[in-house]
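Student: Spelled out from the first residue to the last, the chains are:
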Amino acid sequence: MSFIYNSKVKILSKEKVAPNIYLMSLKAPEIAQDALPGQFIHIKCSKDNYPLLRRPLSIHRIDKEKGEIFILFQIIGEGTKLLANKTIEHDLDIMGPIGNGFNIYPESRKIMIVGGGIGVAPLLALCEESIRQGKEVGVLIGALKKELVIGEESFKILGAKVEVATDDGSYQYKGLVTDLLEKIIREGWLADQIFACGPKPMLKRISEIALQTNINYQVSLEERMACGIGACLGCVCKIKTKDKREYKVKYEYKRVCVDGPVFTGSEVIWDD
Amino acid sequence: MIDKPNLEVQIAEMKLKNPVITASGTFGYGEEFSPFIDLDKLGAMVLKGITLKPKMGNPPPRVIETPSGMLNSIGLQNVGVNRLIKEKLPYLKKFNTPVIINISGDTIEEYVELAERLGEVSKDMGVTGLEVNISCPNVKKGGMAWGTDAEATYKVINSIRKTTPLPLIVKLTPNVTDIKTIAQAAEEAGADALSLINTLVGMAIDIDSRQPKLANISGGLSGPAVKPVALWLVWQVFQTVNIPVIGIGGIIKVEDALEFIIAGARAIEIGTANFVNPRITIEIIEGIEKYLRENNIKDVNELVGSMKI
Numbered sequence: 009m010s011f012i013y014n015s016k017v018k019i020l021s022k023e024k025v026a027p028n029i030y031l032m033s034l035k036a037p038e039i040a041q042d043a044l045p046g047q048f049i050h051i052k053c054s055k056d057n058y059p060l061l062r063r064p065l066s067i068h069r070i071d072k073e074k075g076e077i078f079i080l081f082q083i084i085g086e087g088t089k090l091l092a093n094k095t096i097e098h099d100l101d102i103m104g105p106i107g108n109g110f111n112i113y114p115e116s117r118k119i120m121i122v123g124g125g126i127g128v129a130p131l132l133a134l135c136e137e138s139i140r141q142g143k144e145v146g147v148l149i150g151a152l153k154k155e156l157v158i159g160e161e162s163f164k165i166l167g168a169k170v171e172v173a174t175d176d177g178s179y180q181y182k183g184l185v186t187d188l189l190e191k192i193i194r195e196g197w198l199a200d201q202i203f204a205c206g207p208k209p210m211l212k213r214i215s216e217i218a219l220q221t222n223i224n225y226q227v228s229l230e231e232r233m234a235c236g237i238g239a240c241l242g243c244v245c246k247i248k249t250k251d252k253r254e255y256k257v258k259y260e261y262k263r264v265c266v267d268g269p270v271f272t273g274s275e276v277i278w279d280d
Numbered sequence: 163m164i165d166k167p168n169l170e171v172q173i174a175e176m177k178l179k180n181p182v183i184t185a186s187g188t189f190g191y192g193e194e195f196s197p198f199i200d201l202d203k204l205g206a207m208v209l210k211g212i213t214l215k216p217k218m219g220n221p222p223p224r225v226i227e228t229p230s231g232m233l234n235s236i237g238l239q240n241v242g243v244n245r246l247i248k249e250k251l252p253y254l255k256k257f258n259t260p261v262i263i264n265i266s267g268d269t270i271e272e273y274v275e276l277a278e279r280l281g282e283v284s285k286d287m288g289v290t291g292l293e294v295n296i297s298c299p300n301v302k303k304g305g306m307a308w309g310t311d312a313e314a315t316y317k318v319i320n321s322i323r324k325t326t327p328l329p330l331i332v333k334l335t336p337n338v339t340d341i342k343t344i345a346q347a348a349e350e351a352g353a354d355a356l357s358l359i360n361t362l363v364g365m366a367i368d369i370d371s372r373q374p375k376l377a378n379i380s381g382g383l384s385g386p387a388v389k390p391v392a393l394w395l396v397w398q399v400f401q402t403v404n405i406p407v408i409g410i411g412g413i414i415k416v417e418d419a420l421e422f423i424i425a426g427a428r429a430i431e432i433g434t435a436n437f438v439n440p441r442i443t444i445e446i447i448e449g450i451e452k453y454l455r456e457n458n459i460k461d462v463n464e465l466v467g468s469m470k471i
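Going down the list, the sequences are from chains A and B.
Numbering-wise, the working numbering comes out as the position in the first sequence, counting from 1, plus 8.
Numbering-wise, the working numbering comes out as the position in the second sequence, counting from 1, plus 162.
This is chain A alone, in the form it adopts within the complex (with noise of 0.2 Å):
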């Protein structure tokens, strides 16, 4: 596990890019540093005991060179509206980085990145990452319609291949973002590695399509969350243990802030 920083940064801008939802660029140095890809930070959003508790979110872009990072996130309580009223040069307190990042293997030639709706905070950086690796990446992005297709034009600017699927068909592919990753996967464009994050239907059903092709998945993953550093254990995810003697499927209680948010697809129990 990564050094965690606890500090105040400023807030360098801020944009709406969809309807209720935000980018943020924040000056980091000391996390920009240590980021990886897949990794979040944990935010303290209001000043005073409401809402209490911080709010992980994951770093959606890493720039080591200036030391920003920045964050994408989508209104959906108390903690982010009061995040997206901070105006530019406020102060922010912040935990991070936090967590153990996608891994791309240094064998990997063909890399697939999936993002449902706000899902493609975390993947911004790792496809960059990738791209810089020499990669041969391709971004699927999913959404319920065209005006909350998010990141189309920050993906293509790295350089990936992009398709997205809308579910009403407003733009590009009609239908679920999975239905066209196996379209795209029919037609012969296999990856070797599959990332995605998004809601739990998308990632389980990508985790049966990724068992069937013999492909590694990497899966980002989401929970209620307290203290972001490992001690608390209320962010919990199921996971399978590693006893192989045993029939019958056995599984533990593995923490998505410090074990994750990062999980291989096939070791994590969907039926839930």
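Just so you know, the hints here were simulated from the structure itself, not pulled from any lab data.
Zero decoy hints are in this set.
Derived lysine-lysine pairs resembling DSSO-like cross-links, with alpha carbons at most 30 Å apart:
id: 1; chain 1: B; residue 1: K375; chain 2: A; residue 2: K55
id: 2; chain 1: A; residue 1: K246; chain 2: B; residue 2: K375
id: 3; chain 1: B; residue 1: K255; chain 2: B; residue 2: K166
id: 4; chain 1: B; residue 1: K415; chain 2: A; residue 2: K35
id: 5; chain 1: B; residue 1: K375; chain 2: A; residue 2: K258
id: 6; chain 1: B; residue 1: K460; chain 2: B; residue 2: K177
id: 7; chain 1: B; residue 1: K285; chain 2: B; residue 2: K217
id: 8; chain 1: A; residue 1: K89; chain 2: B; residue 2: K375
Cβ-to-Cβ under 10 Å is the rule here; a few derived chain A residues that face chain B:
id: 9; residue: Y58
id: 10; residue: G87
id: 11; residue: M233
id: 12; residue: A239
id: 13; residue: V266
Here a beta-carbon is modelled for each residue, glycine too, at the ideal position from N, C-alpha and C.
Dock chain B against chain A, hints included.
Tutor: For chain B alone, coordinates are given in the frame of chain A:
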């Protein structure tokens, strides 16, 4: 003005550098907080509650935020006493801070065996004291069942008392009709100190799905929301028993800690606030010292139970 006020307090045989202790379940096994604070500066550490066998804990969601507080239902997930001794305690040996192990059991025999195991290794592994959890609201058996009945409290504490010379702190639940009778039972059974309160039982509902927000339906409420309740109970217990009282419940700033001390707490435990600000323990220690200096009080012990009525 007092230059260097005394912050040292004594709980049974334990000398604490200051009255600030970490609350069980909110500080992991200590190491999780070492990036943020110097563990040597703490009064004492109470580690995550331990049971004889490892415990898997409850299904998620396990935590949910509520106004100025949170509900949790972890279900005592822990590595079990053997792994605690082998894997977690060695790291803490290098610190000069008392380590208090919070113990839980389904039966009296389990509590006794835990106390024996920890007593055997106390010198080698630096176990300074035990906090007996008879107040966990999130496990089916044992837990709070002990702490809501004076007779059961007496039995379990007395059995542990006969087993170990280690300092015994008994952690009380607020979910009772009269906490004073439970406190007295614990004192008569041989407790060296009482710590209170554990969490208050509560729940929350998602109105869209009409499902409980916690998988376990109910959970324990903690955080600033419970502080007035905790303070009142500490004051009552302080007036009832002759052993030291450790105040717990929603302490998030130095003023809260001082209120508990004035109400009768010899020491305080900080819980949920650790999740919000990992340096809060140190800030509160410094705050207490500043308060004593500014008010010309040379010893924190003078403040204990000094409420004027």
